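Let the sequences and hints guide you as you build the complete structure.
Next come the chains, spelled out residue by residue.
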Amino acid sequence: MNFNFSKDQIILRKSAREFIKKEIPASLVRELLVDEKGYSPKVWEKMAELGWLGIAIDEEFGGIGADFMDLAILFEELGRGAVPSPFFSTVLLGGFLLQNHASEELKNRYLPKIVEGKSIITAAISDEKGFYGKNHVGITAKNSNGSYLLSGSVLFVSHANVSDMIICAAKMDSNNTGITLFAVDRKAKGLTATPLKTIFGNYIDYSIALDNVMVSPEMIIGEECKGWDYIEKIWPLIITAQSCECVGGMQKVMDMTRDYLNGRIQFGKPLSALQIVQHMSVDMFTKVETSKLTAHSAAWSISEGLDSENEAAIAKSWCAEAYKDVTKIAHQVTGAIGFTEEYDLHLYTKSAKKLELLFGDGAYQRKVVADKLGL
Amino acid sequence: MDLRLTEAQSKLQKEIRDFLESIKKTGEYPFTNDSLQLVFSPEFSQRLAEKGWIGIAWPKEFGGQGAGYLERCIILEELLKSGAPVGYHYLADRQVGPGIIHFGSDFLKDEFLQKMLNAQVSFCLLFSEPNAGSDLAACETTAVEEGDYFIINGQKTWTSHGHSADYGWGLMRTSFDSGTPRHNAFSEILINMKTPGIIIRPVINMVGLHSFNEVFFDNVKIHKKYLIGEKGNGFRQIMTNLVYERATIDRLIQNYSTKEALFEYVKNTEKNGVPLSKDPLIRDGLARLEVEFQVGRKYIYYVTTLLDDGKIPDYEAAIGKNFCTLFEAKLSDLATNIMGLHGLIMPESPEVLFKGIVAESYLMSPSYTLQGGSVEILKNIISKRGLKLASK
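Protein chains in written order, with the numbering used here: chain A, 85 to 459; chain B, 144 to 535.
In short, the hints are calculated from the structure, not lab data.
All values derive from a computational prediction rather than experimental measurement.
Backbone N, C-alpha and C fix where the C-beta goes; we use that ideal spot for every residue, glycine too.
Treat the hints with caution; some may be incorrect.
Quick partial rundown of chain B residues pointing at chain A, CB under 7 Å, derived from the structure [said to hold, decoys possible]:
{"#": "1", "residue": "Arg440"}
{"#": "2", "residue": "Lys441"}
{"#": "3", "residue": "Tyr442"}
{"#": "4", "residue": "Tyr445"}
Structure representation (structure tokens):
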């Protein structure tokens, strides 16, 4: 048993960290939170050049075909930079759903473009209230003369406005239970996307509404009525990637806070010399260290092709709450400067809350754990 | 990264499980319902010794198996899950043996290592004193050199198994020069507990059990060859020794049966015609415990791999211990709450469920976060060594 990263993985992490530090500093993050695109096309292009966008895509489509651990490392570093980008929706949701299940034609249409940075993909899988689960799919598909008409709405769709295609999960009108995934052109008639002003950005997440959007049968991803199985299959990847983002973010908060406490003089000594502050910091540190192991273990398990449903649920349940708790303690020991716009901590506080709630909070994940325990 | 057990490790895990299952069935050895008390049974320890399962992590040149701490962790996890009576060889295997291997003279190695491996000698730890609890460097028990001997005077306390162990691993003040820094004033000495001048008095804990003792030394004469390592280096040696104490899975697994009992209870107990395990609050509480258990277990295995890499995981062991003891305390609290009034019923009472381990675990719980270094002392270590916070 060993928990060590390989040399290549260490190099990947180092180069990713340097890239993000240089290309996506906190000043750019702040701009992107109010930017109408919600991401930086210039940086996106560079990510494509580095091969990041194709890291999990097979070589036959121009990708690298690396294992999940490499992708997990990138997510961790993106989390460390609190980077707003369509990386998650494109590479993870789009990339895996298409690669695992789509027809050759759809794969050929989208995957090479994803790799080249020329196509942004997102997915709409929840409902109009933002709930997750196969009984909470907000879109319905009706068969009409060999095509499908999609109607309904979904509360939270990342980067919908800049995406070329939205993978929409839809209940089949004909049998009420089956869910099908449709590749819907962003410009399709009847599809509107409205930007949501959230705690993490003004143009990053959208609510979308579909009003009889016509989609042809060849745009179905995989088989009809199998859509929710496909989503369940990548669910561990989704929440493990998020867990890694949490780990990167909380590690950064820990580093910032340590530097602050070591440097800030009060009562004639650094704040870090106060035992109460030391103990609060150790609570943060413990969460960071345990989260790292938990997220990395889940990522390793996925990389090895093992059944990772429980492992991933444990990781998300632990890491997301840990990240939030770490930001809370950081605020308490950092004081008023931490509550300002100019200090970077709030970027992480916001990102932590968002990561916690997207794709199910801790309680949601613990339902899976409880099921696995036979409760 | 590879988080699988090797084939040999999986085989070992199965072997120890099978061994424990069959030996438990014989009824010849004092297995307990939980592992909160580490019962002394030289006979049981000798059966493990025959298998080579004591000192499995020690180097071959000292008679061990030269396997890893991971193998030790695998064995220990199964032993504690099964409630095996491991008290007799426990400290020898965990920290006294490694301590002698690290610091001991050839004489001490010859005298003790083989006996430990054969389960023919047992130990207790003589560290804490009435005025030196968390502040261990305040120890006042003295060992004064007189020819070839140390003459020991003073008092130790909270000595687990002091009344049954053969030898005590003691921290004694050996320098009385006021110019000597506190941390250079101590030495470690192995003390035969049957030496004249030693008086042992039981201390009954709040559960009502005799688990620890006070030990008094009145001109106790110990030959200098029982000095461990260098004179004056005792405090530093003990800090290394304590890493071995903390870097193990004990704290997580000693309450394993409490967790099992709780899970069984909620599955088999109905309220308003529905099993408790279907109550969303209970499900979330139990899943939360399971998440913490799995996170803690992973962390302990990680610390174990650090030991196997030849590192001294000082702050990592402290994080692991803190995490696991806090888990244990939560577990017993939640278990008593969910079991309601049954959570109050002690072992051997009428109407008791699960032989009273849940109530007993709750009463034991204040000790979890104290023994082997309190949560707060360990946080001081983590802050300094792990987090590198400035302390001045």
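Each hint tested on the structure:
1. Here the hint on Arg440(B) is broken, as its CB sits about 10 Å from the closest CB of chain A, past 7 Å.
2. Annotation: interface hint on Lys441(B) holds; nearest CB of chain A at approximately 5 Å, less than 7 Å.
3. With a least beta-carbon distance of about 6 Å to chain A, the hint placing Tyr442(B) at the interface is held under the 7 Å criterion.
4. With a least beta-carbon distance of about 5 Å to chain A, the hint placing Tyr445(B) at the interface is held under the 7 Å criterion.
Violated hints amount to a single one, hint 1; each of the other numbered hints is respected by the structure.
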